[in-house]
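Enquirer: Residue numbers (this note's numbering), protein chains in the order written: chain W, 852 to 963; chain E, 1419 to 1527.
Calculated from the structure, these hints are not laboratory results. Be a bit skeptical, because a hint or two may be false.
[Stated by the list, open to error] Reference excerpt, derived from the structure (chain W facing chain E, CB under 10 Å, subset only):
#1 Ala853
#2 Val855
#3 Glu881
#4 Met892
#5 Gly893
#6 Leu894
#7 Leu896
#8 Tyr915
#9 Phe941
#10 Ser945
#11 Val948
#12 Tyr950
#13 Gly951
#14 Tyr952
#15 Phe954
#16 Ser956
[Unchecked claim] With a cut-off of at most 27 Å between alpha-carbon atoms, the simulated BS3-like pairs for lysine-lysine come out as follows:
#17 W:Lys865 / W:Lys908
#18 W:Lys860 / E:Lys1514
#19 E:Lys1460 / W:Lys922
#20 E:Lys1497 / E:Lys1420
#21 W:Lys921 / E:Lys1463
#22 E:Lys1460 / E:Lys1497
#23 W:Lys908 / E:Lys1460
#24 W:Lys922 / W:Lys908
#25 E:Lys1420 / E:Lys1463
#26 W:Lys921 / W:Lys860
#27 E:Lys1460 / W:Lys860
#28 W:Lys908 / E:Lys1420
#29 W:Lys860 / W:Lys908
#30 E:Lys1514 / W:Lys921
#31 E:Lys1514 / E:Lys1460
#32 W:Lys908 / E:Lys1463
#33 W:Lys860 / W:Lys922
#34 E:Lys1514 / E:Lys1420
#35 W:Lys865 / E:Lys1460
#36 E:Lys1463 / E:Lys1497
#37 W:Lys922 / E:Lys1514
#38 E:Lys1526 / E:Lys1463
#39 E:Lys1497 / E:Lys1526
#40 E:Lys1526 / W:Lys908
Quick reminder that beta carbons are idealized off the backbone N, C-alpha and C, glycines included.
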Amino acid sequence: NAGVTQTPKFRVLKTGQSMTLLCAQDMNHEYMYWYRQDPGMGLRLIHYSVGEGTTAKGEVPDGYNVSRLKKQNFLLGLESAAPSQTSVYFCAGSQQVNYGYTFGSGTRLTVV
Amino acid sequence: RKEVEQDPGPFNVPEGATVAFNCTYSNSASQSFFWYRQDCRKEPKLLMSVYSSGNEDGRFTAQLNRASQYISLLIRDSKLSDSATYLCVVNEYGNKLVFGAGTILRVKS
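Same shape as in the complex, but just chain W (with noise of 0.2 Å):
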């Protein structure tokens, strides 16, 4: 019984590297969220998906893209990291958002 699973759990990057970070749900949920959360500014949506092939903005998307080509997978890229990228990124599922979300545990990012 995974849930949302992220990986990698932690990264390190130098600037301007890039990488892909992985969110696989097993919950059928038909929408995922990608959140970023810094200290004192809460979690502060990335990018969105309201179903199989959909993505949408959020609050924050510069400098990040996604995909959700399967359903059970959200996949949040950096193009070419920076410090300012530098967080501890959530990923969310939902069947409905009267149900609240269900988080997976995290990916701590580092950009030196």
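Since the structure of chain W is provided, determine the placement of chain E on it from the hints.
Expert: Chain E in isolation, oriented as in the chain W frame:
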């Protein structure tokens, strides 16, 4: 103005105390409301939904005042294990939730 505002705390209380957290939201059309709990270096987890009539789950009571756009969480008989950050969460529109920055609770023996 932030969409969801919370007192960041920290609230330092002794075991057994009653503590209350408040939260205000800006969008009067908001429909769904939640409290999440987040432990240090962990993901947020749903604590409880908040209903218009108010609702209780064991030692936890949540209330909603739509007229004042205000949500509260009351914790009775605080335990050491209640120490965490409590996030106020609101569905403003569509299928997106907006999170407050959180209120830190520290329960001490």
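Enquirer: Each of the hints needs a verdict: does it hold here or not?
Expert: Evaluation of the provided hints:
1. Ala853: violated, 14 Å
2. Val855: Where the cut-off is 10 Å and the nearest Cβ of chain E is about 9 Å from Val855 (chain W), the hint holds.
3. Glu881: Given a least distance of 8 Å, the restraint on Glu881 (chain W) holds.
4. Met892: holds, 6 Å
5. Gly893: holds, 4 Å
6. Leu894: holds, 4 Å
7. Leu896: holds, 6 Å
8. Tyr915: violated, 16 Å
9. Phe941: holds, 6 Å
10. Ser945: Hint holds; Ser945 (chain W) Cβ to chain E Cβ min 7 Å, cut 10 Å.
11. Val948: holds, 5 Å
12. Tyr950: The hint holds - Tyr950 (chain W) has a Cβ within 10 Å of chain E, the shortest such distance being about 8 Å.
13. Gly951: holds, 5 Å
14. Tyr952: At about 6 Å, which falls below the 10 Å cut-off, the nearest Cβ of chain E leaves the hint on Tyr952 (chain W) intact, so it holds.
15. Phe954: holds, 4 Å
16. Ser956: For Ser956 (chain W), the interface hint holds, since the closest Cβ of chain E sits about 5 Å away, which is under 10 Å.
17. W:Lys865 / W:Lys908: Satisfied, since the Cα-Cα distance of roughly 25 Å is no more than 27 Å.
18. W:Lys860 / E:Lys1514: holds, 24 Å
19. E:Lys1460 / W:Lys922: holds, 25 Å
20. E:Lys1497 / E:Lys1420: violated, 31 Å
21. W:Lys921 / E:Lys1463: With a Cα-Cα distance of about 25 Å, the restraint between Lys921 (chain W) and Lys1463 (chain E) holds, given a limit of 27 Å.
22. E:Lys1460 / E:Lys1497: holds, 19 Å
23. W:Lys908 / E:Lys1460: Cα-Cα ~25 Å, so holds.
24. W:Lys922 / W:Lys908: holds, 18 Å
25. E:Lys1420 / E:Lys1463: Answer holds: Lys1420 (chain E) to Lys1463 (chain E) is near 22 Å, not above 27 Å.
26. W:Lys921 / W:Lys860: holds, 22 Å
27. E:Lys1460 / W:Lys860: holds, 11 Å
28. W:Lys908 / E:Lys1420: OK: Lys908 (chain W) and Lys1420 (chain E) at ~19 Å, within 27 Å.
29. W:Lys860 / W:Lys908: Between Lys860 (chain W) and Lys908 (chain W) the Cα gap is close to 24 Å, so the pair holds against 27 Å.
30. E:Lys1514 / W:Lys921: Holds: Lys1514 (chain E) and Lys921 (chain W) sit about 20 Å apart, inside 27 Å.
31. E:Lys1514 / E:Lys1460: holds, 21 Å
32. W:Lys908 / E:Lys1463: holds, 24 Å
33. W:Lys860 / W:Lys922: Holds, because 22 Å separates the two Cα atoms, which is no more than 27 Å.
34. E:Lys1514 / E:Lys1420: Holds, at roughly 16 Å.
35. W:Lys865 / E:Lys1460: Holds, at about 25 Å.
36. E:Lys1463 / E:Lys1497: holds, 18 Å
37. W:Lys922 / E:Lys1514: holds, 18 Å
38. E:Lys1526 / E:Lys1463: Holds - the C-alpha atoms of Lys1463 (chain E) and Lys1526 (chain E) are around 22 Å apart, at most 27 Å.
39. E:Lys1497 / E:Lys1526: At roughly 8 Å apart (the allowed maximum being 27 Å), Lys1526 (chain E) and Lys1497 (chain E) satisfy the hint.
40. E:Lys1526 / W:Lys908: violated, 42 Å
Against the hints set out earlier in the document, violations occur for numbers 1, 8, 20 and 40.
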